[in-house]
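*Asks:* For the record, the sequence lines run as chains H, Y and F. For what it's worth, our numbering labels the leading residue of the first sequence as 1, then goes sequentially. For what it's worth, our numbering labels the leading residue of the second sequence as 1001, then goes sequentially. For what it's worth, our numbering labels the leading residue of the third sequence as 2001, then goes sequentially.
Derived by calculation from the structure, the hints in this document are not laboratory data. Just so you know, even glycine gets a beta-carbon here, dropped at the ideal spot from N, CA and C. Possibly wrong hints are sitting among the right ones.
Said to hold, decoys possible - Derived DEER-like restraints, expressed as beta-carbon distance ranges: (1) Y:I1070 / F:I2384: 19 to 27 Å; (2) Y:S1146 / H:K27: 33 to 41 Å; (3) Y:D1079 / F:T2477: 41 to 49 Å; (4) F:T2477 / H:A161: 41 to 49 Å; (5) Y:K1008 / F:E2281: 35 to 43 Å; (6) F:F2313 / Y:K1059: 37 to 45 Å.
Stated by the list, open to error - Distance condition first, Cα-Cα at most 16 Å in a straight line; then the derived EDC-like pairs of lysine to aspartate or glutamate: (7) F:K2380 / Y:D1058; (8) H:K164 / Y:D1204; (9) F:K2299 / Y:D1079; (10) H:K125 / Y:D1212; (11) Y:K1218 / H:D149; (12) F:K2299 / Y:D1204; (13) H:K125 / Y:E1225; (14) Y:K1178 / H:E167; (15) Y:K1218 / H:D153; (16) F:K2380 / Y:D1078; (17) F:K2015 / Y:E1143; (18) H:K125 / Y:E1227; (19) F:K2380 / Y:D1077; (20) Y:K1178 / H:D153; (21) F:K2298 / Y:D1078; (22) F:K2299 / Y:D1212; (23) F:K2298 / Y:D1079; (24) H:K125 / Y:D1078; (25) F:K2298 / Y:D1077.
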Amino acid sequence: MSVKHGLLGLLAQKPQNGYELKNSFDKIAGGFWDVNYGQIYSTIDRLVKDGLVISSVEGKESVERRVYQITEKGVKEFKDWLDKPSAKIRPLRDEVFVKLAFMYPFDKDAILQLLAEQRQLYLAKMAELTRQKYLLSRNGISRDNLMTDLLLDAALFHAEADIKWIEHCEAKLREFEGEPPVSDG
Amino acid sequence: MVNKVEMKDVSKIYKRGKSEFRALNGISLSIKEGEFLSVMGPSGSGKSTLLHLIGALDKPTSGNILIDSIALSSLSDDDLSQIRREKVGFIFQQFNLLPTLTARENVLLPLKIANRVSSEAYRYADEIIETVGLKEFNNHLPEEMSGGQMQRVGIARALVIRPSIILADEPTGNLDSKTGEEILNLLKGCQEQYKQTIVMVTHDAKAAAYGDRIIRLKDGQIEEEMEVTNALPISNI
Amino acid sequence: MLSLFRTFNLRYLIKHKLRTTTIIFGVALGVIMVVSTMLVNQSILRSYRSLVDKAAGKTDLQVMSNTDSGLPASMANEVASVKGVKAAIPVVHRDGFVFIEDKQSGVLLVYGIDPNKDKVARDYEFIAGRQVKTGEDDAVVITKTWARENNLKIGDRIGFAGVEGIKRFKIVGLLANKGPGQINAGLFAVIDINAARVLFNRIGKVDQVDVVLEDEEKPKVVQSRIDTRLDGRAEVEIPATRGLEVQKTLEGMAFFLNLAAMLAVFVGAFIIFNNLEMSVEERRFGISVLRALGLGRKKIFSLVVLEAILLGFVGSAFGIIMGSLLAKAMSQALAGFVVTELRMRATDLGLTPQILLIGVLLGPVVSAAASVGPASRMLKVSPIEALKPFETAWRPKSSAWKLTISTLVFLIGVGLLTVGLFIPKFLDIISKDTRQLANYLMLAILISFLGSVLLMPHLLSTLLSILIRCGRLCSFTLRMVFDNMRRVPGRTAATITGMMIAIAMMIAVTCHAGRLVKKLSMLREKSFAPDW
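Please put together the full structure from these sequences, using the hints given.
*Replies:* Here it is as structure tokens:
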């Protein structure tokens, strides 16, 4: 859903073609979110179909040269979306959980090994992100990089949550299977 | 380059009546100069005890600890006090400032204790106070300061004697996440600017992530270890 | 170090004014009592001694009137004829209102003497001038002390109020400050006996006959001979004995004041101890932080003791001033009583360097001693406490040998007291000197109290343990109270023992004061110079 609104927002700033749209999107998402041309074009087509965007054909040759423009209806849709808070919690589409669902209850040791390795990987990733964050803050937070800072924070908080959940899983799995708890208060 | 801290097969055993409790169980660890080490682990894993021993607050039951090549096991209580006041900077979770002293006086306290009263020492202290962003709170009492400000005092106080090693015990435990971030950035900055060796105990992954090396304790031993420069786990003990 | 003291100790003291004041009060309490007692004892006893010893001089017996009208002059000759009497010296004496340049200047004890005979009884030593001569009816000898006080010299005139108005006398001699020159603390004058008789309307009379015995005669023997001879017309006394009685009474009073002072110091020490304990315990956390930061144990110890010493000096200063004032008040009260009864003047309440030194040092020494307990307890504060700021369910371990020593000290003290009070034979073995006996008793009392102080915490702990075990009988609040007391048995015991001593003191004072007053009143009747 955010791809749709992201594109609307970009077009609300100024009309752009597909190539420009991809670049702008990448800049905003800050390297976190890979969107490819396929997603962009399929989304744009839907937007055109819904009457939120119109395409003006400049040249007869390539699709990429088509310039898209936002309609009044599109502007309204975008503004409504901007002002309304999200009602749903993030969907849990964690790969780890899926793996877990398949492995349990067959191979407990393998599960614990997986969880430990995943946890370490998350931590390593967090360390990397923290380093970036530190360098950013050392050079000073300005209007330009504030969003990047917040984005890094988002990633870190989510990674922290994942790590906490994994630690929690480890503790519960151990206890449930009859092993004494890892720690005592 | 000699390691700042060397621990060989260190154990700490507490006797409770007839039973004994092994807080640390044969731990070996080396800490390089200028390194930022994060120590994680659940309650009871021994991470606080580890900090106590490195900080010369207590002596190991067995094994060797060397700080700057000085062996702690053979030292008397007075000698340990000397080590603390000359070589160790401690940052506490509860800040632990003396309530009747202003911010500046709290920062200068270790100098008074170690009897370093030269003008050079005071100049360095003022520089630290500025770096840490405390100058406008110099004359405030702890009761007039926020948690973040108090922890800045704590950091400045730890730095002021140019210690061989800085030990931080859950430094952001009592702070909200934004203030905690500021404090951790500050600590990291001190590592860079003043080449301080830092050991931080925490159960907060976001704080631990500031370290160059992250170890995880379980039942008094090192369970996992990770070097952040490679961003890959080293071993899984 | 000093700056540490300033921030850690001084600021705390200034912030907690009530606690600080209480400690200073505890110090001052002891110092006030000790200083004032020393001053009063010094002045009163000195005055008295000077009066008794000096007035009697070498006299062995004194024949005195049992009425106000004096004795016939012929009695002196009668007495002289009794076997064993070497000399019988007549004396007329009165309190004379003295006038210097027509201004009333107090009262002097005036002796009218026979200059030839009197030197057998008293050794007059002159610093200037000479003794009055027989028949010289306007010559007077005064003491150098009094002369100096009033800027008088040989040749000046003073007046005495007599039955015919003020009679003027010329000063012919100044007595040195020893022997008779110290009679009545210097408020003493000598004139010819006949001049005295005229002045005070004692013609044909004497007020007393001083008797000097032949060598080898016993005073008691001759006393009964004179008694027989006089057949009740006069009283015959041995001045030494009478003096001794009063002296004993006064010394009893002095002993008692000393005891009160010592107990005041004790109670003061408790107040200091209690409050120091609390103030140090309140700073326990700060101390643990200082330890974590590397401050050595010895330094912590000295910081606490130094604070106590500082408060001790402040308390001493206050105590010396208040003590002097109290001494003046006590002396006025006592002197008012004693002077009318016994003719004494409270001499200057000078703070001798000795008393001053004791006063100055007493405060800090007692404070320092009281601070050793709390300071040592702080030595045990572990730096790790700084990392775990919660209270432990710590209970002091009672050690068997502490209990043994406490019980021993207590039993020794009580034993010495019991033996001293109830087995007179034992006392004789110790010594015959009353002053030494007094000291012995005081020591026994001190040891007893010390023993109770040491023993009390143990008794308390036992009592509390028993009480707590009857847990179901106690309400929850009460159980918490008992548990609290059990955590700091030293402090609780100190409070209890302090109260015990205070109550003991009050009872003793009340009983003894009554008896003292009665005894001194009895002696008033035997005083050696009736009033106008």
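*Asks:* Hint by hint, say whether it matches the structure.
*Replies:* Checked hints:
1. With their beta carbons about 20 Å apart, Y:I1070 and F:I2384 fall inside the hinted range of 19 to 27 Å.
2. A hinted range of 33 to 41 Å for the beta carbons of Y:S1146 and H:K27 is consistent with their spacing of about 37 Å.
3. Look at Y:D1079 against F:T2477: about 47 Å separates their beta carbons, and that is inside 41 to 49 Å.
4. Distance hint check for F:T2477 and H:A161: the Cβ-Cβ separation is about 47 Å, which falls inside the suggested range of 41 to 49 Å.
5. Restraint check, Y:K1008 to F:E2281: a C-beta distance of roughly 40 Å satisfies the suggested window 35 to 43 Å.
6. Range check, F:F2313 to Y:K1059: about 40 Å between beta-carbon atoms, so the 37 to 45 Å window is met.
7. Of the supplied pair hints, the one linking F:K2380 and Y:D1058 holds, its CA atoms being roughly 13 Å apart against a limit of 16 Å.
8. Between H:K164 and Y:D1204 the CA atoms are separated by roughly 9 Å; this keeps the pair inside 16 Å, and the hint holds.
9. For a cut-off of 16 Å, the pair hint linking F:K2299 to Y:D1079 stands: about 13 Å separates their Cα positions.
10. Straight-line distance between C-alpha atoms of H:K125 and Y:D1212 comes to about 13 Å, which keeps the hinted pair within the 16 Å bound.
11. Under the criterion of a C-alpha separation no larger than 16 Å, the hint pairing Y:K1218 with H:D149 is inconsistent with the structure, at around 34 Å.
12. Simply put, F:K2299 and Y:D1204 have alpha-carbon atoms about 38 Å apart, too far for the 16 Å limit, and the pair is violated.
13. Distance restraint check for H:K125 and Y:E1225: the Cα-Cα separation of roughly 15 Å lies within the 16 Å cut-off, and the hinted pair is therefore satisfied.
14. About 24 Å separates the Cα atoms of Y:K1178 and H:E167, which puts this hinted pair outside 16 Å; it is violated.
15. Proposed proximity of Y:K1218 and H:D153 is contradicted: the alpha carbons are some 29 Å apart, above 16 Å.
16. For the hint pairing F:K2380 with Y:D1078, the CA-to-CA distance comes to about 13 Å; that is within 16 Å, so the pair holds.
17. Taking the CA atoms of F:K2015 and Y:E1143, the gap is near 15 Å; set against the 16 Å cutoff, the hint holds.
18. Between H:K125 and Y:E1227 the alpha-carbon distance is near 12 Å, which keeps this suggested pair within the 16 Å criterion.
19. For the hint pairing F:K2380 with Y:D1077, the CA-to-CA distance comes to about 11 Å; that is within 16 Å, so the pair holds.
20. Under the criterion of a C-alpha separation no larger than 16 Å, the hint pairing Y:K1178 with H:D153 is consistent with the structure, at around 10 Å.
21. Restraint check for F:K2298 and Y:D1078: satisfied, since their Cα atoms lie roughly 9 Å apart, inside the 16 Å limit.
22. Restraint check for F:K2299 and Y:D1212: the C-alpha separation of about 38 Å exceeds 16 Å, so the hint is violated.
23. Distance hint between F:K2298 and Y:D1079 is fulfilled; the C-alpha atoms sit about 12 Å from each other, no more than 16 Å.
24. For the hint linking H:K125 to Y:D1078, the alpha-carbon distance of about 44 Å lies beyond 16 Å, and the restraint is violated.
25. The straight-line distance between the Cα atoms of F:K2298 and Y:D1077 is roughly 11 Å, inside the 16 Å bound, and the hint therefore holds.
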